[in-house]
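A.B. asks: Sequence:
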Amino acid sequence: MASTTTFPTRLFLPGLVLIAAGLALGAGGVRLLTLGGSAYYLVAGLCTAVAGGLLLRRQRAALALYALFLAGTSAWAVAEVGLDWWPLVPRIDVWLVLGAYLSLPWVQRALQAPAAAGPGSWQARLLLGVTVVVTVLLGTALLRPEAEASIDTPAQGLSQAPVSAAAAAAPTPGSDPRVAPADWVAYGGTGHGQRYAPAGQITPDNVSRLQLAWTFHTGDLKGPGDPHEIANEVTPLKANGLLYICTPHNIVIALDPDSGQERWRFDPRINRDAAHYQHMICRGVAYHDSTAYPQQPAREPAAAAVAAACPRRIFAPTADATIIALNADTGRLCEGFGQGGVIGLTQGMGPVKRGFLNPTSPPAVSQRVLVVSASVTDNESTDEPSGVIRGYDIDTGRLLWNWDAGNPDETAPLPEGKTYVRNSPNSWSVTSIDERLGMAYVPMGNQTPDIWGGNRIPAGERFNSAIVALDLATGRLRWVYQTVHHDIWDMDIGAQPTLLELDTPAGKVPALLAPTKRGDIYVLDRRDGRLLVAAPERPVPQGAAKGDRTAPTQPFSELSFKPPRPLRETDMWGGSPFDQLMCRITFRGLRYEGMFTPPSEQGSLVYPGNYGIFDWGGVAVDPQRQVMIANPNYMAFVSKLYPRGTVDDPSGTGSEIGLQPMKGTPYAVDLHPLLSPWGIPCQAPPWGYLAAIDLKTMRKLWMHKNGTIRDSAPLPVPVPLGVPSLGGPMVTAGGVAFMSATLDDYLRAYDVRTGQQLWQARLPAGGQATPMSYVSDRTGRQYVVVMAGGHGSLGTRLGDSLVAYALPQP
Numbered sequence: 001m002a003s004t005t006t007f008p009t010r011l012f013l014p015g016l017v018l019i020a021a022g023l024a025l026g027a028g029g030v031r032l033l034t035l036g037g038s039a040y041y042l043v044a045g046l047c048t049a050v051a052g053g054l055l056l057r058r059q060r061a062a063l064a065l066y067a068l069f070l071a072g073t074s075a076w077a078v079a080e081v082g083l084d085w086w087p088l089v090p091r092i093d094v095w096l097v098l099g100a101y102l103s104l105p106w107v108q109r110a111l112q113a114p115a116a117a118g119p120g121s122w123q124a125r126l127l128l129g130v131t132v133v134v135t136v137l138l139g140t141a142l143l144r145p146e147a148e149a150s151i152d153t154p155a156q157g158l159s160q161a162p163v164s165a166a167a168a169a170a171p172t173p174g175s176d177p178r179v180a181p182a183d184w185v186a187y188g189g190t191g192h193g194q195r196y197a198p199a200g201q202i203t204p205d206n207v208s209r210l211q212l213a214w215t216f217h218t219g220d221l222k223g224p225g226d227p228h229e230i231a232n233e234v235t236p237l238k239a240n241g242l243l244y245i246c247t248p249h250n251i252v253i254a255l256d257p258d259s260g261q262e263r264w265r266f267d268p269r270i271n272r273d274a275a276h277y278q279h280m281i282c283r284g285v286a287y288h289d290s291t292a293y294p295q296q297p298a299r300e301p302a303a304a305a306v307a308a309a310c311p312r313r314i315f316a317p318t319a320d321a322t323i324i325a326l327n328a329d330t331g332r333l334c335e336g337f338g339q340g341g342v343i344g345l346t347q348g349m350g351p352v353k354r355g356f357l358n359p360t361s362p363p364a365v366s367q368r369v370l371v372v373s374a375s376v377t378d379n380e381s382t383d384e385p386s387g388v389i390r391g392y393d394i395d396t397g398r399l400l401w402n403w404d405a406g407n408p409d410e411t412a413p414l415p416e417g418k419t420y421v422r423n424s425p426n427s428w429s430v431t432s433i434d435e436r437l438g439m440a441y442v443p444m445g446n447q448t449p450d451i452w453g454g455n456r457i458p459a460g461e462r463f464n465s466a467i468v469a470l471d472l473a474t475g476r477l478r479w480v481y482q483t484v485h486h487d488i489w490d491m492d493i494g495a496q497p498t499l500l501e502l503d504t505p506a507g508k509v510p511a512l513l514a515p516t517k518r519g520d521i522y523v524l525d526r527r528d529g530r531l532l533v534a535a536p537e538r539p540v541p542q543g544a545a546k547g548d549r550t551a552p553t554q555p556f557s558e559l560s561f562k563p564p565r566p567l568r569e570t571d572m573w574g575g576s577p578f579d580q581l582m583c584r585i586t587f588r589g590l591r592y593e594g595m596f597t598p599p600s601e602q603g604s605l606v607y608p609g610n611y612g613i614f615d616w617g618g619v620a621v622d623p624q625r626q627v628m629i630a631n632p633n634y635m636a637f638v639s640k641l642y643p644r645g646t647v648d649d650p651s652g653t654g655s656e657i658g659l660q661p662m663k664g665t666p667y668a669v670d671l672h673p674l675l676s677p678w679g680i681p682c683q684a685p686p687w688g689y690l691a692a693i694d695l696k697t698m699r700k701l702w703m704h705k706n707g708t709i710r711d712s713a714p715l716p717v718p719v720p721l722g723v724p725s726l727g728g729p730m731v732t733a734g735g736v737a738f739m740s741a742t743l744d745d746y747l748r749a750y751d752v753r754t755g756q757q758l759w760q761a762r763l764p765a766g767g768q769a770t771p772m773s774y775v776s777d778r779t780g781r782q783y784v785v786v787m788a789g790g791h792g793s794l795g796t797r798l799g800d801s802l803v804a805y806a807l808p809q810p
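Residue numbers (the working numbering): 1 to 810.
Please note: incorrect hints may appear among the correct ones.
[As the list claims (entries may be wrong)] Straight-line alpha carbon distances no greater than 27 Å define the calculated BS3-like cross-link-like pairs of lysine-lysine that follow:
{"id": "1", "residue 1": "K663", "residue 2": "K562"}
{"id": "2", "residue 1": "K562", "residue 2": "K353"}
{"id": "3", "residue 1": "K222", "residue 2": "K418"}
{"id": "4", "residue 1": "K508", "residue 2": "K700"}
{"id": "5", "residue 1": "K353", "residue 2": "K418"}
{"id": "6", "residue 1": "K562", "residue 2": "K640"}
{"id": "7", "residue 1": "K663", "residue 2": "K546"}
{"id": "8", "residue 1": "K640", "residue 2": "K663"}
{"id": "9", "residue 1": "K418", "residue 2": "K562"}
{"id": "10", "residue 1": "K353", "residue 2": "K700"}
{"id": "11", "residue 1": "K663", "residue 2": "K508"}
{"id": "12", "residue 1": "K546", "residue 2": "K418"}
{"id": "13", "residue 1": "K700", "residue 2": "K418"}
[What the hints assert, rightly or not] Label-pair distances were calculated between CB atoms; the ranges are:
{"id": "14", "residue 1": "G658", "residue 2": "V17", "range": "31 to 41 Å"}
{"id": "15", "residue 1": "H672", "residue 2": "R398", "range": "41 to 51 Å"}
{"id": "16", "residue 1": "G645", "residue 2": "H672", "range": "17 to 27 Å"}
{"id": "17", "residue 1": "K696", "residue 2": "G645", "range": "29 to 39 Å"}
{"id": "18", "residue 1": "Q367", "residue 2": "E601", "range": "45 to 55 Å"}
{"id": "19", "residue 1": "H217", "residue 2": "Q757", "range": "20 to 30 Å"}
{"id": "20", "residue 1": "W76", "residue 2": "N206", "range": "20 to 30 Å"}
Hints in this document: simulated from the structure, not taken from any laboratory.
Note that the structure is a prediction, hence the values are computed from the model and not measured.
The beta-carbon is built from N, C-alpha and C at its ideal position, and this holds for glycine as well.
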């Protein structure tokens, strides 16, 4: 029996906790109510504060009151989110733990002192105990593995029969017959960007036997002067009997495909003293084999000389705004290309600060033309280099044409002394090539800054966030399709367009798939840009910031992964009731009218966020099965405008997150993900999925949450919430898809037919890159290779490992 003169600490501490929690909840609850939010938190604050006071007075009524509060909270939580375990957890976790503590016999004995004795004591204890047990049983019943059933399954699902080896290896109509099925000769496998390996050794039946074949360390790690966003996003090439990669500092390395041993290395020794690099990234290099075109037209003498001296070439971008041409056999500069093997991209640009023109993606290669674009510094100012797209002679590096969205009709090479249009829309991602049709398909970014467009170039407005088809020979515009009108949300097209011969009731159609940050996938006839899947214009929210405007409508594709509905207050999440309350207050304080809510001084919720449902990783397409594999992401962002002069004028952050200067506009902008004060996403999981589309019917085959919080939570517990991913999937003819882009450090394999995860391997660092696959010319062994080097902006583990997997040797 407790002493009548000494207050038991087993009641004192929980009493104080409940009072403090009640005061915090009550204050926050009042604020939430004034914003039009839920009254629960105010009621909860009153209940817990009173219960805490009764505990300090050693009153048995504390147990009864707390039991009623816990039961009411559970009922409220179920009413808000249904029987969905993860959204329920932060609503009841803290209260359940406290309830379990108050149910302990030695705690309750402290309430049995004479001052607390009296009729009804056992009823209060029983009520609390039953409430705790029922709440635990409810949570236990709901904690079950996610069902693996497909969603939105067509009446005739994907055939379970495997594709034959002959059919898998056979070229699809419109594919490049010069590309060996064993190779991976371009960033997306080929110039069509399908991320498809026509090798079928690895199947759903044997993929579980994959084992580590070799690991190569580039030795290129983050240095003290590097920007925050340094990332290893490279997809290797396999051609000419070698693997080719580039590192964040633009070092080009050739490797033996069977051992991972280094064959040669070229370091361009880029300047690292730039005042402001926003990114330090190299997504890949390009490959060209002059001997693959035996029937090509006669070359001019200079071109023939280069082709003879460097018949096989690697073209690599550098942060110094150059493209270098290397002999693919030796790694030496191709001296006859450009100026000693280098073409500079600053010609015709006017003043360019070092680091402000940066080709982070590989150029696109065709028989006669090298198509080059580059990124500029986002949200820095309105006085950035031109976004001109240029075509160079593949052999000599001579400028053949230039297409500037600010002056789209003049494509003849720019005369000496003239400059391109300043700050015109650019393309920072990967261009696709169709040599048969003679077109390059360019995914366009925006005229920077992304978040305010009041003074954009009129001629360039139609090309922001658009797919632009250019004539390979002349650079002339063939057609354009814009996915976002007057984009002020940074919804530019980061994904490489994917080209395929699409099965339709009328037969094969040369199609283009354009995945976008907003989640819509635009399906176009790549001959003329005509829509193959409808995308009607629909009204969107209005009311842009002062001096800007919004388009009255936007095109919404009927093939889409956009969120099924706008976010609601009940979607707010967190690790506990307290950060969930803060997220609700934040949500209610933002302007939000659904997708395309304009940026505002109040602060606007941007959902999908500007990291995108689909970004530079793109999608993978199996052209034989006519299936698309995609990794959609769902993270909300906040966009808040600050009138010029109301904040210290920022000079740039070295990242696209945080306060951005937008010099030359009336505003600076703060961009950041919607997170709780503890850094936990405010919206409930899942945040990332893997999904498949049947391209014959344009319907989802399956969609499963993907990835765990093992490497992003305080404790390394692999809870399968479904996490964001940055990078893309790859698919093989054997019916297996691979992806490594999630926030946890794994490479995973999936059955294309069902989405079932079949295998995973732990990576030494973050895998924010797209895998590729090839077959060895010497051994005939199929490999799967991925770069595990991490990503600065996502906070994943940095490293320098290129990792290869293969089936055991016989």
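A.B. asks: It remains to establish, for every hint, whether it holds in the given structure.
C.D. replies: Checked hints:
no., hint, verdict
1, K663 x K562, "violated, 32 Å"
2, K562 x K353, "violated, 38 Å"
3, K222 x K418, "violated, 38 Å"
4, K508 x K700, "holds, 21 Å"
5, K353 x K418, "holds, 19 Å"
6, K562 x K640, "holds, 23 Å"
7, K663 x K546, "holds, 16 Å"
8, K640 x K663, "holds, 16 Å"
9, K418 x K562, "violated, 44 Å"
10, K353 x K700, "violated, 46 Å"
11, K663 x K508, "violated, 49 Å"
12, K546 x K418, "violated, 34 Å"
13, K700 x K418, "violated, 51 Å"
14, G658 x V17: 31 to 41 Å, "holds, 35 Å"
15, H672 x R398: 41 to 51 Å, "holds, 45 Å"
16, G645 x H672: 17 to 27 Å, "holds, 22 Å"
17, K696 x G645: 29 to 39 Å, "violated, 57 Å"
18, Q367 x E601: 45 to 55 Å, "holds, 52 Å"
19, H217 x Q757: 20 to 30 Å, "holds, 28 Å"
20, W76 x N206: 20 to 30 Å, "violated, 50 Å"
Going through the hint list in order, the structure does not satisfy hints 1, 2, 3, 9, 10, 11, 12, 13, 17 and 20.
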